[in-house]
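Chain A is fixed; fit chain B onto it per the hints.
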Amino acid sequence: MDDVYSRAGSRADPPYLVADYVGTRIRAPQRPLILIPQTLSEITGPVYGHSDVLPEEADLTKQHAGEPLGERIIVKGRVLDEAGRPVPNSLVEIWQCNAAGRYRHVVDQHEAPLDPNFTGAGRCVTDADGNYHFVSIKPGAYPWRNHPNAWRPAHIHLSLFGPSFLTRLVTQMYFPGDPLFRFDPIFNSVPDPKARERMICRFDLEATRPEWALAYHFDIVLRGSRATPLDADHA
Amino acid sequence: MPERTPSQTVGPYLHIGLTQGAYGAREIFGANLADAGPSGRHIRIEGRVYDGEGKVVPDAVLEIWQADDQGRYAHPADGRPLASNSFRGFGRCPTDKDGVFAFATVKPGSVPGPAGAAQAPHINVGLFSRGLLKRLFTRIYFEGEPANAADPVLALVPADRRRTLLAKADPGNPGLFRFDLYLQGANETVFFDA
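Read top to bottom, the protein sequences are chains A and B. For the first sequence, our numbering begins at 29 and goes up steadily by one. For the second sequence, our numbering begins at 1231 and goes up steadily by one.
Just so you know, the hints here were simulated from the structure itself, not pulled from any lab data. Be a bit skeptical, because a hint or two may be false.
Non-contacting residues of chain B with respect to chain A, defined by C-beta distances greater than 10 Å in every case (computed) [as the list claims (entries may be wrong)]:
#: 1; residue: Gly1241
#: 2; residue: Gly1254
#: 3; residue: Ile1273
#: 4; residue: Gln1300
#: 5; residue: Val1341
#: 6; residue: Glu1375
#: 7; residue: Arg1393
#: 8; residue: Asn1403
Sample of chain B residues lacking proximity to chain A, with all beta carbon distances greater than 12 Å (derived) [stated by the list, open to error]:
#: 9; residue: Thr1239
#: 10; residue: Ala1252
#: 11; residue: Ala1399
Listed next, the in silico DSSO-like pairs over lysine-lysine satisfying Cα-Cα at most 30 Å (straight line) [as the list claims (entries may be wrong)]:
#: 12; chain 1: B; residue 1: Lys1364; chain 2: A; residue 2: Lys222
#: 13; chain 1: A; residue 1: Lys90; chain 2: A; residue 2: Lys222
#: 14; chain 1: B; residue 1: Lys1327; chain 2: B; residue 2: Lys1364
#: 15; chain 1: B; residue 1: Lys1364; chain 2: A; residue 2: Lys166
#: 16; chain 1: A; residue 1: Lys104; chain 2: B; residue 2: Lys1364
#: 17; chain 1: B; residue 1: Lys1327; chain 2: B; residue 2: Lys1285
Model, not experiment: these values are computed from the prediction. We treat Cβ as the ideally placed atom computed from N, Cα and C, and that holds for glycine.
The following block holds chain A by itself, in its conformation from the complex (with noise of 0.2 Å):
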């Protein structure tokens, strides 16, 4: 049966183990992976759209009584798939630490403040051309404890869902520029460099609200289809 989807792409994924990054080493699986055809199990998959989520659940903002400390910013891009189709109608989950790099999580002590007015958490579904929109907070640089000294450079949390089990998507958005990025084993886990560069967003001048946000850009490329699944011949 032929591939509905791409294998090629996934050389831009990490490997599961990456020793530098240490939480992966009792949990990598240490066998090989077992290659199985795409069948009807793998090329469909979970349908949310625009009647599962609410308009203000894209705005981090505007989530408790007053607004959250930080830099202001317009999160925004396209959702698209290896042929460049946009993917339409389709969840973006999303989840950050606050601006001084904490999350409002019962397991981080990192020492820096949490704030009341911001939660962190955000989700949209993509227009019919494949675009999405959050507005949030800058997140903050924060430490945590893989090495001596070592600090996540500011990222959001993305979550993408896609047309099928197979699109599915959990990465990492990066801000340019972030001196620590050549530090940091989560982002150097992927080891091509262009790849690499493929997780960080841009600044956008046009997007940039005057006197409210600076905007940033971030299209997400998920895996493709070769056929619609429609017309797939999956039986």
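Same frame as chain A, but now just chain B:
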């Protein structure tokens, strides 16, 4: 042509974004896929996730995707009519401090496979956690299911590792199946590349 955006880990704080009920936010996914509505055998699948040191993994999230009891997916690439619109087939569950997850669902039917062969009832599983730079992908099959013998995907798995993909009925609890995942070690779960 644009090239893929690489995968990155969900990290330890995934709950804020993916299972935010604990943070007072509205969840759109949960671990209960089937209320009383959908027809079929209502089951519960419970298990634990273990790391390479044999310790439980308390900060993973599992996502499942499955067909309904007729073996049909709620997705346009399937296209066959569905008995009920209330069964969407997707669920998400974080592991707790003991590494435990639990889904309530219906047992899926057989699903069409390659070249006209049927696939045995199975549930597709994605696993994310800190220390995993990309999703792990596996399937839950059901122990004792006669159709397993002819399943084209199970056939690709070395015979001595197939047991890692079989959920076991709990003799004391009708409708309860147990399925543990081992990320490493002698019992390492079979993970797939599709």
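Quick rundown of the hints versus the structure:
1. Gly1241: Per Cβ check, Gly1241(B) is inside 10 Å of chain A; nearest 7 Å; violated.
2. Gly1254: violated (8 Å)
3. Ile1273: holds (18 Å)
4. Gln1300: It holds; Gln1300(B) is separated from chain A by about 13 Å at its closest Cβ, greater than 10 Å.
5. Val1341: Check fails; 6 Å does not lie beyond 10 Å.
6. Glu1375: holds (15 Å)
7. Arg1393: About 14 Å separates Arg1393(B) from the closest Cβ of chain A, which puts it past 10 Å; holds.
8. Asn1403: holds (27 Å)
9. Thr1239: Thr1239(B) not clear of chain A: closest Cβ-Cβ about 6 Å, inside 12 Å.
10. Ala1252: The claim is violated: Ala1252(B) sits with its nearest Cβ about 8 Å from chain A, within 12 Å.
11. Ala1399: holds (22 Å)
12. Lys1364(B) with Lys222(A): Given pair Lys1364(B), Lys222(A) holds - Cα atoms ~18 Å apart, limit 30 Å.
13. Lys90(A) with Lys222(A): violated (36 Å)
14. Lys1327(B) with Lys1364(B): Holds: Lys1327(B) and Lys1364(B) sit about 22 Å apart, inside 30 Å.
15. Lys1364(B) with Lys166(A): holds (25 Å)
16. Lys104(A) with Lys1364(B): Between Lys104(A) and Lys1364(B) the Cα gap is close to 23 Å, so the pair holds against 30 Å.
17. Lys1327(B) with Lys1285(B): Since the Cα atoms of Lys1327(B) and Lys1285(B) sit roughly 11 Å apart, the hinted pair holds (cutoff 30 Å).
The structure fails to meet hints 1, 2, 5, 9, 10, 13 from the earlier list, while all remaining hints are met.
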